[in-house]
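*Asks:* Sequence:
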Amino acid sequence: MKWSRWLEKWGMSNLKINLGFAEMEFQPQDEDRDAAWEMYIELLTRITTQALPLESGDELTALKSIYSLFPTTREIIKRHKRHAQEFTKIAIIVLNQVVRPFTAKWHKLSLQQAFDDPEMCRQFRQELEALQQQLIHYTAMLGDMAGVEKDLILLEQLEETN
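Okay, so the sequence shown: first residue is 28 according to my numbering, each after it adds one.
Incorrect hints may appear among the rest.
Label-pair ranges, simulated between beta-carbon atoms [claimed, not checked]:
| no. | residue 1 | residue 2 | range |
| --- | --- | --- | --- |
| 1 | Leu46 | Asp143 | 20 to 28 angstroms |
| 2 | Glu156 | Ser95 | 38 to 46 angstroms |
| 3 | Gln140 | Lys29 | 44 to 52 angstroms |
| 4 | Ala49 | Pro80 | 13 to 21 angstroms |
| 5 | Gln139 | Ser92 | 19 to 27 angstroms |
| 6 | Pro128 | Asp85 | 36 to 44 angstroms |
It is worth saying that the hints were derived from the structure and are not from the lab.
Note that the structure is predicted; figures quoted are calculated from it, not measured.
Glycine included, each C-beta is placed from N, C-alpha and C at the ideal position.
Take the sequences, apply the hints, and build the full model.
*Replies:* Here's what the structure looks like:
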């Protein structure tokens with residue numbers, strides 16, 4: 028399967044990637060699967076894929092959790108070295124194109140005490156929800172790369188609707 032097709036399958040075709048890269052074959056190896064599994068678990072257990080109800084949670088803590096994806100991803104990439112190239116490609120693209128714009132904006136605003144303003148907190152939560160939707164797609168992609176039989180996000184969502 029080509030990268031462009033794999034990204035499309037997971038609702039991530041909006042990522043800006045080089046045409047040559049998009050036409051390359053997507054061929055994850057065991058190291059990619061291992062790295063994807065590690066990141067998959069990190070994403071499933073953070074605010075990245077979990078709701079932040081209005082009556083609970085803290086915006087600054089949520090922002091810090093989102094930001095922590097950078098060092099977490101770097102550690103996973105360093106641990107697997109150059110043997111997890113397919114994982115590394117998508118992880119870096121998602122960090123730079125999806126996560127970084129959110130963290131850059133809100134880090135600056137948090138330094139300006141934005142989280143003391145209820146309206147700014149509401150705006151943060153709205154933008155966090157939009158980011159979470161993209162990260163849920165990314166998490167599902169990683170689950171696929173890791174060879175997870177059933178996506179744990181979907182299992183949890185099915186239980187909530189029943």
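*Asks:* I'd like to know which numbered hints this structure contradicts. Please list them from smallest to largest.
*Replies:* The structure breaks hints 1, 2, 4 and 6; every other hint is satisfied.
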